[in-house]
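Participant: Using the hints, build the complex out of the two chains.
Listed below are the residues making up each chain.
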Amino acid sequence: QQPVQSPQAVILREGEDAVINCSSSKALYSVHWYRQKHGEAPVFLMILLKGGEQKGHDKISASFNEKKQQSSLYLTASQLSYSGTYFCGTEISRNAGNMLTFGGGTRLMVKP
Amino acid sequence: DAGVIQSPRHEVTEMGQEVTLRCKPISGHNSLFWYRQTMMRGLELLIYFNNNVPIDDSGMPEDRFSAKMPNASFSTLKIQPSEPRDSAVYFCASRATWGQHSYNEQFFGPGTRLTVL
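Listed in order, the protein sequences are those of chains A and B.
Heads up: the first sequence begins at 1 in our numbering, then just goes up one per residue.
Heads up: the second sequence begins at 1001 in our numbering, then just goes up one per residue.
Chain B extracted, bound-state conformation (with noise of 0.2 Å):
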């Protein structure tokens, strides 16, 4: 298993572009999770799909950020326009439904490293 896989790895761009992410999550998991780290606040959940269907974006940081999930094998996070404040770690996680597996562990993809200007 190729395990999650994120693009770009590395996103430099300047304040006011649109910046998207992408993320393809282990196949047959079917709950997505799209995080933001940073040093000041952490590992931050920002927004999860179960199902392709988004459950809680509470923690989407303002309108400039949505996500999409436009089936069960790709992912989307786009911000637009982008600020510096954005910069940070943008790491997307998938996991399997309760009952299919043993074992419900996360798996987090590489991470894009995302640097506005």
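Same shape as in the complex, but just chain A (with noise of 0.2 Å):
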């Protein structure tokens, strides 16, 4: 079953911060966070393995909570560049034949 993401999208100024969040049904193995801007392909940005680990790139980091069956990507000081569709992928085994299923995607805007 598809992850729910939350919210479906948000405006920011440039310097504000987000949360976007990736809520499960089943217990997961894994967390993939994606970025896609307009016109390209998804990019991949990090994953997140079951231990509750909290993974950090440049101003973007991320969490993931196994027992709620949660992700939160953190955009922190947000910049024009961070615009684009966020999608997350969660894989529910490491025997699950690889496959990630992805949710709906948060579209994030940043305005100067």
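Rather than coming from a laboratory, the hints here were simulated on the basis of the structure.
Be aware that one or more of the hints could be misleading.
[As the list claims (entries may be wrong)] Straight line, CA to CA, 20 Å or less: simulated SDA-like cross-link-like pairs of lysine to any residue:
no. : chain 1 : residue 1 : chain 2 : residue 2
1   : A       : Lys26     : A       : Met99
2   : A       : Lys37     : B       : Gly1042
3   : A       : Lys67     : A       : Ser6
4   : A       : Lys37     : B       : Lys1078
5   : A       : Lys50     : A       : Lys37
6   : A       : Lys37     : B       : Gly1003
[As the list claims (entries may be wrong)] Covered stretches of chain A, going by a simulated chain B footprint (3 or more residues, C-beta under 8 Å):
no. : stretch
7   : 37 to 50
8   : 100 to 108
Yeah, the Cβ is synthetic: ideal placement off N, Cα and C, and Gly gets one too.
Facilitator: Following this line, the structure appears as structure tokens:
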């Protein structure tokens, strides 16, 4: 079943922060985050594995709460380049055939 | 590494015609995925292969769609006959098997924008 992302869309001013959530009805092994700019392919941001770790990439970080079956992506001091659609992809098992199930996406627009 | 390669990048065809989309995965990756993306339905998994074997094709819309992976470096997605509702961006993605790499991210190709008139 497809994970649920929230919010569906968010508009920020440059320098503001945002949080994007991804929730699953199933226990998860890993969560993958991607960003897609208009007219381009999704680009990998980071993977979070079972264990509740938090990762960071520049001013973008994420957490994974396996008990709650959810992950959150944190965008700090947003830049214009952060605009795009963010997708989470979930994996329920290491042996689930390498398949990711993607959420519906969160559209992020950063304005000057 | 050239990344995942897809061809053609754009395809415009008329209803009823056969369409073949092509994909070359990243060398060493043994999982290959075909996705379709539309505004209405988002990113949908159509079919995926592990070691050239189709594992799950439950996302294939109907019998008009078929996919093959004759070897580790090539896959095709065919639509016959095509219909206007097939218009979408089709992405191919590849991924390495668990255990061979530290990070098993999935890499997407640039996509094929299909328009069926």
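Participant: Confirm or reject each hint.
Facilitator: Do the hints match the structure? See the list:
1. Of the pairs offered as hints, the one joining Lys26(A) and Met99(A) holds, with about 14 Å between alpha carbons and a cut-off of 20 Å not exceeded.
2. Under the criterion of a C-alpha separation no larger than 20 Å, the hint pairing Lys37(A) with Gly1042(B) is consistent with the structure, at around 14 Å.
3. As the CA atoms of Lys67(A) and Ser6(A) are separated by approximately 18 Å, the hinted pair is consistent with the 20 Å bound.
4. A C-alpha spacing of about 27 Å is found between Lys37(A) and Lys1078(B), which places the hinted pair above 20 Å, so the restraint is violated.
5. The straight-line distance between the Cα atoms of Lys50(A) and Lys37(A) is roughly 28 Å, outside the 20 Å bound, and the hint therefore fails.
6. In summary, the hint linking Lys37(A) to Gly1003(B) is supported, as the alpha carbons are separated by about 18 Å, within the 20 Å threshold.
7. Interface restraint, the stretch 37 to 50 of chain A with chain B: holds (6 residues with C-beta to C-beta distance below 8 Å; minimum three).
8. Figure legend: the stretch 100 to 108 of chain A, annotated as covered by chain B; annotation consistent (5 residues with Cβ-Cβ distances under 8 Å, at least 3 required).
Hints 4 and 5 from the earlier list are contradicted by this structure; the remaining hints agree with it.
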